[in-house]
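Visitor: Sequence:
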Amino acid sequence: MSADVEPRRVRADAQRSTARILEAAEEALAADPNATLERIADVAGLARATVHRRFSSRKALLEALTELLHERYLHAIEQARVATAPPVAALHRLTELLFELKVSNRVAMELTADPQTEMTPPNDDVVAGLDLLFTRLRDAGEITATDTAWCRGIYLAVVHEVARLPVESPDLPSAAEGTLGEAGARADLTFKTVLAALGGRPQ
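Residue numbers for the sequence shown follow UniProt numbering, beginning at 1 and rising by one.
Honestly, the hints are just simulated from the structure, not real lab data.
One or more hints might be untrue.
Just the calculated beta-carbon pair ranges, DEER-fashion [to be verified]: (1) T50 <-> G141: 35 to 45 Å; (2) D125 <-> A31: 40 to 50 Å; (3) L62 <-> L165: 18 to 28 Å; (4) E78 <-> A47: 31 to 41 Å; (5) G199 <-> E168: 39 to 49 Å; (6) E67 <-> L165: 27 to 37 Å.
Capping the alpha-carbon separation at 25 Å, the derived lysine to aspartate or glutamate pairs in DMTMM-like fashion look like this [as the list claims (entries may be wrong)]: (7) K59 <-> D124; (8) K59 <-> E78; (9) K192 <-> E161; (10) K192 <-> E78; (11) K59 <-> E26; (12) K192 <-> D139; (13) K59 <-> D32.
Think of the CB as a built atom: it goes at the ideal place given N, C-alpha and C, for glycine as much as any other residue.
When you get a sec, could you build the whole thing from the sequences and use the hints?
Guide: See the structure below:
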């Protein structure tokens, strides 16, 4: 057995433990947003010392959840093919994926949100993906707004506000009727609102 096999095994075990803890954290925090590290350890089926070795504090755990959310945002950007798909189609698909994320990660997003904006702030890679999408929309003549930072801010703000609408809202008729599903109805409303706000053509 080579000398580096054992360190690799230790790293692999540590990665599995970390993934297990984060999965348990999402489950425990969904049931109780104030769940302690000890409670999360119990849900993960791990020794409490193991959780404390991976995360020295609840704050450190929430920071790891924020990073996990950023990875999921980036995966959504890749799935929507913001660099290659027709930009309007990419915008709609990305918006659907974001609302699917919000439905399945609602508590984690609330706990990792900036208190001033109530939103999980995007990291640099997510910002770059969104800016590329709005640049492509402008170049294709689908919107008239030219400042990508402003476009991004409008988009994220609308996503946030639409996510807060109750499902029975008259602005979400498709959700109430069940024709699109909740995530689809919210994505549709966001898509139309953002394009109109940015000087886009009716779709």
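Visitor: Against the structure, test the hints numbered earlier, and report the numbers of the ones violated in rising order.
Guide: Hint check: 1, 2, 5, 8 fail, others pass.
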